[in-house]
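Q: Residue numbers (the working numbering), protein chains in the order written: chain F, 1 to 135; chain D, 1001 to 1270; chain U, 2001 to 2333.
Among these hints, one or two may not hold up.
With a cut-off of at most 27 angstroms between alpha-carbon atoms, the simulated DSSO-like pairs for lysine-lysine come out as follows [as the list claims (entries may be wrong)]: (1) U:Lys-2133 - U:Lys-2083; (2) F:Lys-35 - D:Lys-1267; (3) F:Lys-38 - F:Lys-61; (4) U:Lys-2295 - U:Lys-2041; (5) D:Lys-1114 - F:Lys-45; (6) D:Lys-1099 - D:Lys-1114; (7) F:Lys-121 - F:Lys-35; (8) D:Lys-1114 - D:Lys-1267; (9) U:Lys-2116 - U:Lys-2070; (10) F:Lys-121 - F:Lys-38; (11) F:Lys-61 - F:Lys-121; (12) F:Lys-45 - D:Lys-1098; (13) D:Lys-1244 - U:Lys-2267; (14) U:Lys-2070 - U:Lys-2083; (15) F:Lys-35 - F:Lys-45; (16) U:Lys-2133 - U:Lys-2260; (17) U:Lys-2267 - U:Lys-2041; (18) D:Lys-1267 - U:Lys-2329; (19) F:Lys-38 - F:Lys-90; (20) F:Lys-121 - U:Lys-2083; (21) U:Lys-2116 - F:Lys-121; (22) U:Lys-2116 - U:Lys-2267; (23) F:Lys-45 - F:Lys-90; (24) D:Lys-1042 - U:Lys-2041; (25) U:Lys-2295 - U:Lys-2070; (26) U:Lys-2070 - U:Lys-2133; (27) U:Lys-2116 - U:Lys-2083; (28) U:Lys-2133 - U:Lys-2267; (29) F:Lys-35 - U:Lys-2329; (30) D:Lys-1155 - U:Lys-2041.
No wet-lab data here; the hints were simulated from the structure.
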Amino acid sequence: MRPRIPALLFAVALCLIALSAAAHHSFSAEFDANKPIKLQGTVTKVLWINPHTWIHILVMKPDGTTEPWEIEAGTPNTLFRLGFTRESLKSGTVINVDGYLARDGSHRANGRDLTLPDGRKLFMAGSGPAVDKDK
Amino acid sequence: MPHARTRWASVIATTAILIAVASLPQVDAQAPGTRSARIQGKPNLSGIWQAVNEANWDIQAHEARPGPPQFGALFSEPAGVGVVDGNEIPYKAEALGKKKENFANRWTQDPEAKCYMPGVPRATYQPFPFQIIQGTDTILIAYPFASASRIVHFKDVGESPADSWMGWSRARWEGDTLVVSVTNLLEDTWFDRAGNFHSDALRVTERYTPAGDNVIQYEATIEDPNVFTRPWTLRMPLYRRLEKSAQFLEFKCVPFAEELLYGHLRKPAS
Amino acid sequence: MRTIAGAVLCVLALASIEAQAPPSERRGVQTRVEGSSRAFKTPWGDPDLQGTWSNQTLTPLERPAEFANKPVLSAAEAADYEKRLLRNNDADLRNPGTRQDVNTAYNNVWWDRGNKIVADRRTSLIVDPADGKIPALTASGQARAERERQIASSNVEEHATSWLDFDVYSRCIIRSGLPRLSTGYNNNYEIVQTPGYVAIFQEQIHETRIIPLSTQPHLPGTVRQWLGDSRGHWEGDTLVVETTNFTDQARGSIFRNATKNMVLVEKWRRVDDRAIDYQFTVSDPETWTRPWTVKMPWNRIDGLVYEYACHEGNLSMEHMLEAARAAEKQPAK
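Extracted from the complex, chain F is given alone in its bound form (with noise of 0.2 angstroms):
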């Protein structure tokens, strides 16, 4: 399939102009860009926190033992106006991280894309907790 150059260069231009504007997350001083990585895990713990969620995950390697790795995603704040809580990840969930390693050599990744093994983005809008919208 052609890839759709244009429109991508056209994202990333308006993505840098964006993001120069203002003060912004040092993301490549943290995670590499260099060093993409795939991942499955599941959940044994999230925390909740600013200014990222971190999800803890379990990875499964070929060999059959277990990995312990921190994913870093982004402010809580919105998910829990979309009516997500901490409830919404549950421990045992199988999640499919695909991201970036940190540069500090850890077991430490950013999760960029991050879904769940029928491909269905995490948290997609509208699959949460009905959000009360008479509040």
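Guided by the hints, dock chains D and U onto chain F, whose structure is given.
A: Below, chains D and U without anything else, positioned relative to chain F:
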């Protein structure tokens, strides 16, 4: 014109005016520098307030104590008669060890040293002026240390989606007393610099009762079945800062705590 | 006869006022005058700005080149532009293996960059100057901007000596000085008023701006604050706030690399139940050759504003410093 009819007209008009004025909502016309004692029929707790006691050092009665030795008497601690009813904090036996450990390590482990938000009720008696802004269906309480703030809801806002440093505050009036139920407090705050602590099961019930224009009688009842054998209460007056120049000021202490937190990660001098 | 008629009319008039007085449980006096800000009053008679608001918007600060001579879009142009902006903001679009992809950081669900341009379809938030662009910088303004641009495009953060190499955002001191523009998420505010004060709680970073409605002078020049020192007053239905006494002690502490002598004047006016008209004018003769003014909406949000404890959870600062120390231990390539 006959006098009787004029007189009746005056009576009707005057009565109507009196009825109408009495039925209007409590409009507190504010001349600059004046303050209304009540808003919407309730005490107006707005203002800049400060606790004047030694509770932030130790909420129990205590004698004067040294501070870190390199500062001489500069950061030593004054004695206090305590603010806890009965002067007893009813720790479970297994929790006392943690309190002692906290006390022994307090100068590096106190979350206040790290410029972490102080939680409730400690924010009330840190020795700095804080401000209550009482609105029409919400109260904001702004504390200077670490810019901690609380939104206190009268409306039904449901349950908190997660725990937080300053908790989830829901208020109601009981007569002239503001009662605030605080839940969903993170376990990471202390009650004072002496290492008194709690778990994430903590629930705090605060009561703010005005005693005249310039004093609020404050009490906070602590419930935490993980750490204490029963609920216990601390209480103190809060005093209004009366100077005309009184103003809420910033105490953004993050830059003061970075060396303590990250100093070990600084690039070594070559 | 005339005096009795007069008295009856008086009673009727007063009765009609009484009928409009609301039950004391309601927020404030609200009559059904559509679009009139005069309708929203607190019980003590100040205009009522209270509630939870967001200044999130897709409209850019400056007029983009493609709209150079077009201050306002037509409805059709606006709809098309909005769609394009939404598509370009879609963080679910990937560009794997690039610094930009790392900096996009998360799926779209975590972001709240805005879903509409401003209702009046202006092509820039800046309304003065008329070309919708920030005025020219002075020489010293250019020097400051260039210095920050060099730091931001260097990799000083990837080899940080200490936390001081990072800006206020990464250090969780403030996440944007005043005035605040729409950012990636949590663009939310809660306004609470009481006689003599307006307070604005900002979600990032959980601080309360307290605005005394007072003619007291500002703090002395020796007392600087990260969010400055504010004094407000009402002009009709508009809250006018002047803020001075900013501090320049850290990278990013002042709006757009201005100096600590910047003067900020903001105005809030309640439009209807769902919107406040907000504008600001910034002046700093050491930075911009003239003052400039921005207008943006503050729109009602139906959700709540939540605690954003930043410093307490700032694991990233530790990680970034650990990464810088680890990089030093690598053999030079």
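Q: For the pair supplied as a hint, Lys-2116 of chain U and Lys-121 of chain F, is the alpha-carbon distance within the 27 angstroms limit?
A: holds, 24 angstroms
Q: Is the hinted pair Lys-38 of chain F and Lys-61 of chain F satisfied, with a Cα-Cα distance of at most 27 angstroms?
A: With Cα atoms ~12 angstroms apart, Lys-38 of chain F and Lys-61 of chain F stay inside 27 angstroms; holds.
Q: For a C-alpha distance cap of 27 angstroms, please report whether Lys-2070 of chain U and Lys-2083 of chain U respect it.
A: Roughly 18 angstroms between the alpha carbons, so the hint for Lys-2070 of chain U and Lys-2083 of chain U holds.
Q: Against the 27 angstroms threshold, does the CA-CA distance of Lys-2133 of chain U and Lys-2260 of chain U hold or violate the hint?
A: Holds - the C-alpha atoms of Lys-2260 of chain U and Lys-2133 of chain U are around 22 angstroms apart, at most 27 angstroms.
Q: Is Lys-35 of chain F close enough to Lys-1267 of chain D, meaning Cα to Cα at most 27 angstroms?
A: holds, 24 angstroms
Q: Keeping to a limit of 27 angstroms between CA atoms, is the pair of Lys-121 of chain F and Lys-35 of chain F held or broken?
A: holds, 22 angstroms
Q: Verify the proposed pairing of Lys-2070 of chain U with Lys-2133 of chain U, using a straight-line Cα cut of 27 angstroms.
A: holds, 13 angstroms
Q: For the pair we were handed, Lys-2133 of chain U and Lys-2267 of chain U, check the Cα-Cα distance against 27 angstroms.
A: Given that 27 angstroms is the threshold and the Cα spacing comes to 20 angstroms, the pair holds.
Q: Run the distance test for Lys-121 of chain F versus Lys-38 of chain F: straight-line Cα separation, threshold 27 angstroms.
A: Roughly 15 angstroms separates the two Cα atoms, so the pair holds.
Q: Run the distance test for Lys-2295 of chain U versus Lys-2070 of chain U: straight-line Cα separation, threshold 27 angstroms.
A: Satisfied, since the Cα-Cα distance of roughly 17 angstroms is no more than 27 angstroms.
Q: Taking only the CA atoms, is the gap from Lys-2267 of chain U to Lys-2041 of chain U under or equal to 27 angstroms?
A: Measuring from Cα to Cα gives roughly 17 angstroms; hence the hint holds.
Q: Within 27 angstroms, alpha carbon to alpha carbon, are Lys-45 of chain F and Lys-1098 of chain D?
A: Holds, because 24 angstroms separates the two Cα atoms, which is no more than 27 angstroms.
The structure is consistent with each of the numbered hints, conforming to all of them.
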